[in-house]
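Visitor: Residue numbers for the sequence shown, in our numbering: 1 to 452.
Worth flagging that the hints you see were computed from the coordinates, not collected in a lab.
Hints may contain errors.
Straight-line distance between alpha carbons at most 20 Å, and here's what the computed SDA-like set of lysine to any residue pairs gives [to be verified]:
#, residue 1, residue 2
1, 340, 395
2, 360, 244
3, 251, 80
4, 340, 313
5, 435, 410
6, 131, 150
Computed from a predicted structure; not experimentally measured.
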Amino acid sequence: MAKSRTFFVCQQCGYKSIKWGGKCPSCGAWNSFAEEVEIKETRRKNEVDTATLKNRLEPLGEYTTESTERWVSTDQEFNRVLGGGIVPGSLVLLGGEPGIGKSTLLLQITLNLPAQRILYVSGEESLNQIKMRAKRLDLKNPDCYLLAETNFETIAQAMKSLEPTVVIIDSIQTLYHPDIESAPGSVPQIRGCTAELIQIAKKRGIAICLIGHITKEGYIAGPKVLEHMVDTVLYFEGDRHYNYRILRTIKNRFGSISEIGIYEMTGKGLQIITNPSEILLNHREEMLSGISVAAMLEGIRPMLIEIQALVSPTFYGNPQRTSTGFDSRRMSMLLAVLEKRCGLKLNSQDVFLNIAGGLKVEDPSIDLAVTAAIASSFEDIAIPGNICFAGEVGLSGEIRPVNQVEKRISEAEKQGFSKIYLSSFNKKSISKEFKIELALCNSVNTLLEMIF
Numbered sequence: 001m002a003k004s005r006t007f008f009v010c011q012q013c014g015y016k017s018i019k020w021g022g023k024c025p026s027c028g029a030w031n032s033f034a035e036e037v038e039i040k041e042t043r044r045k046n047e048v049d050t051a052t053l054k055n056r057l058e059p060l061g062e063y064t065t066e067s068t069e070r071w072v073s074t075d076q077e078f079n080r081v082l083g084g085g086i087v088p089g090s091l092v093l094l095g096g097e098p099g100i101g102k103s104t105l106l107l108q109i110t111l112n113l114p115a116q117r118i119l120y121v122s123g124e125e126s127l128n129q130i131k132m133r134a135k136r137l138d139l140k141n142p143d144c145y146l147l148a149e150t151n152f153e154t155i156a157q158a159m160k161s162l163e164p165t166v167v168i169i170d171s172i173q174t175l176y177h178p179d180i181e182s183a184p185g186s187v188p189q190i191r192g193c194t195a196e197l198i199q200i201a202k203k204r205g206i207a208i209c210l211i212g213h214i215t216k217e218g219y220i221a222g223p224k225v226l227e228h229m230v231d232t233v234l235y236f237e238g239d240r241h242y243n244y245r246i247l248r249t250i251k252n253r254f255g256s257i258s259e260i261g262i263y264e265m266t267g268k269g270l271q272i273i274t275n276p277s278e279i280l281l282n283h284r285e286e287m288l289s290g291i292s293v294a295a296m297l298e299g300i301r302p303m304l305i306e307i308q309a310l311v312s313p314t315f316y317g318n319p320q321r322t323s324t325g326f327d328s329r330r331m332s333m334l335l336a337v338l339e340k341r342c343g344l345k346l347n348s349q350d351v352f353l354n355i356a357g358g359l360k361v362e363d364p365s366i367d368l369a370v371t372a373a374i375a376s377s378f379e380d381i382a383i384p385g386n387i388c389f390a391g392e393v394g395l396s397g398e399i400r401p402v403n404q405v406e407k408r409i410s411e412a413e414k415q416g417f418s419k420i421y422l423s424s425f426n427k428k429s430i431s432k433e434f435k436i437e438l439a440l441c442n443s444v445n446t447l448l449e450m451i452f
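With the hints as extra help, turn the sequences into a complete structure.
Guide: Listed below in C-alpha cells is the structure:
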C-alpha cells in the first residue's frame, strides 16, 4: 500500500522540511521552498541470494587492468578536456549561461562523431530549430536521430528501441518522470531522472551528455548531489559580448581536471583556437601607457594575455575601483601594496582594470603584470611591447615565484618576446637555456626601477 507525505523541499540544495520557511537553514536561499508530495511503496523485505553476492565480491589484489575504450571526436579541444575522448557508459554534465553556446557545442560534437549512433533529445527546442542550427553548422550525420520530448518514459523507450551509443539530453531540467509527484526542474525530478539515466548508461554502455542550466550565482541549478552523481562536470564559460569561449573541467573521473578547451564563436559554429596567445594579444603600432602582457596558465595550458589599466584623478569623494575579468578585492590589495611599498599616491585616483578578450582570470601569476600596468598608467609611461611578466605579489611587496615557469617562458619566447620579468626565487626552477632574456627581481620596487 502506498503512503504519501507532504514536504517542503528547497529547490537549491534539496533540504526537506515539514513546514514552509522563508529562508533555507541549509544553504541560506530565500523563498526557495516548494511543496512536494512523496509517495513511498511498502514493499516486502527480499532475501539476498548469498551465492550470487559471493560471486560479485572480488579481492582488490586480484584484478587485471583493462584499457578504457574512448570514442574520439574530430574536436580535439573536447577530446583533450575529457582526457582523450568520450568514455562509453559515462555521464557528462555541461553547464553554462543561457546563450553561451552549450547546445551548439554538443550538436557540433555529435555531428562530428563518426561510427556512432546518436540520439539527440531536446526538451527546449523543436526539431525544426535543431535542423536549422545543423544547417548553419553545415554538418551532416546520417546516424544522428532527433527527438523532441520531456517525458522520461518516452525517452527511455526511444533509447531501448534505437539502441544508441551516445545520447544528448538538452536539458536535464526539462525532463519529468511520471512516477515522481513533482514539477519538472524540481530537486526530486532532477535527482530521480539522473539516477535512472545512470542505471541505463552503466547497464548498456551508453555515453550520456546532459546540459544543465545554471543559477545567477554561476552554479548548476538543482541539487548539489547532481554533480556528485555524474562522472564529468564541464563548464562552458565566456562573455557573450566577445567571441571567445572556454570549456573548463570541474570534475573528471577519467582524466585530469587541469585541461581546458578554447573556442571562438563564429557564424558557422564554434571554431577551435590552437594558438590563443596570438589572438588575445593586440598588435599596436604605437606604444600606450597602462598596457602590459602577462604569461599565465589556464589549467596546464600557457597563454599570454593583455592587461589594460587606466588611472585618472577622481572627481568624487571616494575613488572608483572597477575591474573586468579580475578579482576586484585582489586589485584593491595590489593598489595598497603600490601605495604603501612603492609610494604611488593612488588614494585620490580612479583605477579601471580590464583583461582583454573578455576572459576571467584567477591565476595569481598575473599580479606582476597588473601592478606594472597600473604604475605605467599612473606615471603615463608606456611599457615596451616586447616584454612580459609572470609573478605573484605579496603584501610586503615581494615578488613570489610561480609554478611551471618554464612553460610560461617557452610560450613568451614562441610569441617573439625578448624579455620576461620573473621572481628571483624562480631561478632554481629553471633548468633549460632560453633565447629570451630573463629579468629576475625580488620586489615590486625593484621591478618599477628596472622598467621606468
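Visitor: Look at each hint and say if it fits the structure.
Guide: Hints, verified against the model:
1. 340 x 395: Measuring from Cα to Cα gives roughly 10 Å; hence the hint holds.
2. 360 x 244: holds (11 Å)
3. 251 x 80: Roughly 14 Å separates the two Cα atoms, so the pair holds.
4. 340 x 313: holds (19 Å)
5. 435 x 410: holds (9 Å)
6. 131 x 150: Holds: residue 131 and residue 150 sit about 19 Å apart, inside 20 Å.
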